[in-house]
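*Asks:* Residue-level listing of the chains:
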Amino acid sequence: MTEKPLTRHIDPSRPPFDLAQYEKAGGYSALGKVIRDMTPAACLQVLKDSGLRGRGGAGFPTGMKWSFVPMGADAPRPKYIVANADEMEPGTFKDRLLMEGCPHLLVEGMIVGGYILQADVGYIFIRGEYVEAARLLNRAIAECREKGFLGNNILGGDWSFELHVHTSAGRYICGEETALLNSLEGKRATPRAKPPFPQVSGLWGKPTIVNNVETLCNLPALIDYGAEWFKQLSLTEDAGTKLYGVSGRVKNPGCWELPMGTPMRELLQEYAGGMCDGYGLKTFLPGGASTPLLLPEHLDTPMDYTHIGKLGSRLGTGTAIVIDDQVDFIGAMKNLEHFFAQESCGFCTPCRDGLPWVEKALGRLQQRRGQRTDLEWLQRATWMLNMGNTFCAHAPGAMGPLESALKYFPEEFASRVVEPKPQPGNSQGKAAASTST
Amino acid sequence: MAKIIVDGKEYQVADGNNLLHACLSQGLNLPYFCWHPAMGSVGACRQCAVKRFKDEKDGRGEIVMACMTPADEGVRISIDDPEAR
Numbered sequence: 000m001t002e003k004p005l006t007r008h009i010d011p012s013r014p015p016f017d018l019a020q021y022e023k024a025g026g027y028s029a030l031g032k033v034i035r036d037m038t039p040a041a042c043l044q045v046l047k048d049s050g051l052r053g054r055g056g057a058g059f060p061t062g063m064k065w066s067f068v069p070m071g072a073d074a075p076r077p078k079y080i081v082a083n084a085d086e087m088e089p090g091t092f093k094d095r096l097l098m099e100g101c102p103h104l105l106v107e108g109m110i111v112g113g114y115i116l117q118a119d120v121g122y123i124f125i126r127g128e129y130v131e132a133a134r135l136l137n138r139a140i141a142e143c144r145e146k147g148f149l150g151n152n153i154l155g156g157d158w159s160f161e162l163h164v165h166t167s168a169g170r171y172i173c174g175e176e177t178a179l180l181n182s183l184e185g186k187r188a189t190p191r192a193k194p195p196f197p198q199v200s201g202l203w204g205k206p207t208i209v210n211n212v213e214t215l216c217n218l219p220a221l222i223d224y225g226a227e228w229f230k231q232l233s234l235t236e237d238a239g240t241k242l243y244g245v246s247g248r249v250k251n252p253g254c255w256e257l258p259m260g261t262p263m264r265e266l267l268q269e270y271a272g273g274m275c276d277g278y279g280l281k282t283f284l285p286g287g288a289s290t291p292l293l294l295p296e297h298l299d300t301p302m303d304y305t306h307i308g309k310l311g312s313r314l315g316t317g318t319a320i321v322i323d324d325q326v327d328f329i330g331a332m333k334n335l336e337h338f339f340a341q342e343s344c345g346f347c348t349p350c351r352d353g354l355p356w357v358e359k360a361l362g363r364l365q366q367r368r369g370q371r372t373d374l375e376w377l378q379r380a381t382w383m384l385n386m387g388n389t390f391c392a393h394a395p396g397a398m399g400p401l402e403s404a405l406k407y408f409p410e411e412f413a414s415r416v417v418e419p420k421p422q423p424g425n426s427q428g429k430a431a432a433s434t435s436t
Numbered sequence: 000m001a002k003i004i005v006d007g008k009e010y011q012v013a014d015g016n017n018l019l020h021a022c023l024s025q026g027l028n029l030p031y032f033c034w035h036p037a038m039g040s041v042g043a044c045r046q047c048a049v050k051r052f053k054d055e056k057d058g059r060g061e062i063v064m065a066c067m068t069p070a071d072e073g074v075r076i077s078i079d080d081p082e083a084r
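Chains as they are written, first to last, in numbering that gives the first Met the number 0: chain X, 0 to 436; chain V, 0 to 84.
I should point out that these hints are in silico values taken from the structure, not numbers from a laboratory.
Please note that the accuracy of each hint is not assured.
Unchecked claim - Ranges of calculated distance between the beta carbons of each label pair, as one might list FRET restraints:
#	chain 1	residue 1	chain 2	residue 2	range
1	X	406	V	61	17 to 25 Å
2	X	416	V	30	52 to 60 Å
3	X	47	V	57	30 to 38 Å
4	V	30	X	411	47 to 55 Å
5	V	72	X	372	43 to 51 Å
6	V	30	X	127	34 to 42 Å
Glycine included, each C-beta is placed from N, C-alpha and C at the ideal position.
Given the sequences, and given the hints that come with them, work out the whole structure.
*Replies:* Below is the structure:
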């Protein structure tokens, strides 16, 4: 038994395990167990009982999501399982650690997941910049193919499975599962309308499961040690461990596997070494750029989906970005919105046009050229670009931090507004003259 | 035929259409840009937003795109709602 199902085989001081070393350390035992001793339905029940929630950000219960996939002899074929390794959330580097530290763990997770779903083909959709991870994964897959862990009649059973690595051309929106599927099909990466959900009609119209790398990496240990063990790893009711990260002006930025529900104060003080000398904590994004801000008073809240959700934010990817008290706060917000404006896929109007407007308004405020109308626009944008008004969750994600910033730090915005000077005499003529220059 | 309720008034509309198509065919003015009957719905321009209510007691409703929502029997929407406009 282990306390760290995700990182137990990871040691940055040596190269990652090859197949023989990984097997010696207990790897691929879960694969043997599911194929020899367990039915897909029994495995799915373990998954449901474990309470594992998707680690990509939304925290949807994995067992429930997988139960929507049609099973049995009449199910449409081929079925697909896709690992979402397009890790592009600003400040997030947890999947990279997993793939570069122990590529075989993800490969085993994919094969086990493929067996549970009785999938035929798996894809690891990896961010193009993760060259090293893609190389390691390809090597791991080749080793498995040679060993017979991939291919026809795996371990002598009647189930066959093939696994491929697909390197993305690099768009943030490819992390959205339906945009990812479009991209994998060779189309423009725009999200699809839901329903139908990918579980029923996904890749090339066939049942498809898309899950985050960290979610899939939980599967081998979960199968080996069971649902009860998985639940007791956590400090709260959200089960398992979590890869937490901290970046920003802290002494020791990094990524650590800790029990789910570890409070931010512990992460910041004990693991990240506290704030750099001379800097104080102003606010933090708990799980990447698209999660609403939290304040120092929230430091003791357990970092899990339920508790962070109650504060009006989201756990997201669990990799926090710390914003210190000396940073240009409006500049930081502008930087954030610049990212979202650039990464909008351009499909729907509010996101494509609204986000650049937001960025421009923040830019004017940052340069102290902003007017009250800019502030009013920002307020309006937090409603106009919110859930339901846009096609996917990209723009609402961008509005999360902005909305919370306007709520928690209204003075930061107000202090940047320049009131138009009262103009004596013919003000209209002057205004006309100034616009013509 | 299906009965839909728009701003409290009932309309009989053809089966199998989306709400935008149904509203336009009743002479209701709903702005749209990216939809065309020959091209189908994509939901990109977000102009045909309407507010849909679960039932007569639902006062909050939710914004949906008329072109992406089927005009099913009993659908209750508002196109005059300030948020939908």
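*Asks:* Identify every previously stated hint that the structure contradicts and give their numbers, smallest first.
*Replies:* As far as the earlier hints go, 2 and 4 are violated by this structure, in ascending order.
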